[in-house]
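Knowing the structure of chain C, use the given hints to seat chain H on it.
Protein chains: 2
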Amino acid sequence: MKLIREPDELQALALSFRASGKTIALVPTMGNLHAGHASLMDIARPQADILIVSDFVNPTQFGPNEDFDAYPRTLEADMALAEAHGVDILFAPAASSIYKADASTFVKENSCSQGLCGRSRPVHFQGVCTVVNLLFNLAVPHLAVFGQKDAQQVAVLKRMVRDLHIPVKLLVAPIVRESDGLALSSRNQYLTAEERAAAPQIHVALQALSAAVSAGERVPAKLEKLFKETLSAASDLFEPQYLEFVDRETMAPLEKVVPAGTLVATAVYMKKTRTRLIDNILL
Amino acid sequence: MKLIREPDELQALALSFRASGKTIALVPTMGNLHAGHASLMDIARPQADILIVSDFVNPTQFGPNEDFDAYPRTLEADMALAEAHGVDILFAPAASSIYKADASTFVKENSCSQGLCGRSRPVHFQGVCTVVNLLFNLAVPHLAVFGQKDAQQVAVLKRMVRDLHIPVKLLVAPIVRESDGLALSSRNQYLTAEERAAAPQIHVALQALSAAVSAGERVPAKLEKLFKETLSAASDLFEPQYLEFVDRETMAPLEKVVPAGTLVATAVYMKKTRTRLIDNILL
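Heads up: the sequence lines are chains C and H, in that order. Note that my numbering has the first sequence beginning at 65, numbered continuously upward. Note that my numbering has the second sequence beginning at 65, numbered continuously upward.
Here chain C stands alone, though its shape is the one from the complex (with noise of 0.2 Å):
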């Protein structure tokens, strides 16, 4: 496996793959990699000749207040598990690399980026949408694979590549959960020991709340109120921030939740070390 830190050097190299006509895959991280990552690579393994992981902090995805210093870097380990998922290329560049300082383009999706975590993270998806692309311009990639525990990052992704004819098959991997039912997460690793024990139960109240469609609940208010009791009964430690009922595409909020295509998706706090925990379900 090959390390590289140049944005130049990777985008020389990839164009040259593209020009004998190899296929190039392209999973897209923030790096501290853990299974759920693997999944990525696993996935995109097979279908493509060279296999580029992408280990970058982008620092246009956090907002001003969020955890960009905090974020764990693990370049080390990266490579060792991108190695043994037979990844070709970890591309890990400097910020000032992948930025100039009067850096001024944008690129934005208005639409699927406007609920959910847009709401409490204005520029976040933009970042998001800026950093794909140029990674994209850098991997030149025929594929690349993101994962349904970011589904809204997903649905915005999807956009974009459409609306800018992008080049690129979009690949989603499902959520992978410790065995305990928590997704994984490198946020995980803020939490302590007592909101580590009670994390698990954001995912067993998605499953309640799917078992009360199942049953016949179609209101979004009832809905919610059995979420929310289903994380207070377990702990006090949960502070939900949102939980939306949307269109799995588009990510437009469903007045009435419908019971195949719906995505219930939600963010919740910890109370004592305010991290914020993401989760979702396809109904």
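Read the hints as simulated data drawn from the structure, not as lab findings. Predicted model, so just to flag it, every value in this text is computed and none were measured. Just to be clear, a hint being listed does not mean it is correct.
Just so you know, same-sequence chains aren't split out, so a pair can sit in one copy or run between any two.
In silico lysine-lysine, BS3-like type, Cα no more than 30 Å apart, as pairs [stated by the list, open to error]:
#, residue 1, residue 2
1, K292, K320
2, K286, K164
3, K320, K164
4, K66, K86
5, K222, K86
6, K336, K320
7, K233, K292
8, K213, K286
9, K172, K286
10, K86, K335
11, K286, K320
12, K233, K172
13, K289, K213
14, K233, K222
15, K320, K222
16, K66, K336
17, K164, K292
18, K336, K213
19, K66, K233
20, K233, K164
21, K289, K335
Relative to chain C, chain H alone:
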């Protein structure tokens, strides 16, 4: 020469050229091709195996009160001109195949695009950046050629290409003028005979200004006065919208004119038809 209407067809063909090691040049145009466009094709032709010209009046770069409907469409003549200049593919899509009804993704440049034409045309450069970005995704060119006539567009696109690490080399072609000095533009055909006869004075006035700088004048206000007097001495049909002295790369206004590297750009309305003509000169 092949005429292609469908974006997917162009993209599949262009990607297959790439995969077989061929190089591609793109000349993006809004059609109504004239000698100015032909000069871009002549620059591009020897630089690549495949020459693609796009012929698309892009609705998103026109404001609500601009000339989108009136803009001349002359596909038959365009095909003849393109073929005569060695073009391999003329890409003339329908707007509905480029933009879905619910398109919601935009590329925006926030610095070079702010002054000059950007001040009176607030959506123009967002439309230009978005369409050029998506044309690059469809034609996957190695290089693209633009005209210096649209000097601000060149600066904005160079910035976009730099910021998003787009693997396309931009070449800039000199302004092509009529024998009387008027810069070629599809909009020249909107002019009355009287306006057309007067219009070359815009170039005369820019040259007078340039001569004054060579003679030592450095104060923008005095140079602007000279420019306006040179126009009004010839005709009362001119209504200057702006005359700006800017850095040629950033388009940032200069308080003092620098003899080398200053771009002097102007937009002038012709009063009878309200046709807006732009021109520029590099000191």
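Checklist entry - Which numbered hints are broken by the structure, listed smallest first? => result 2, 6, 7, 9, 10, 16 and 17
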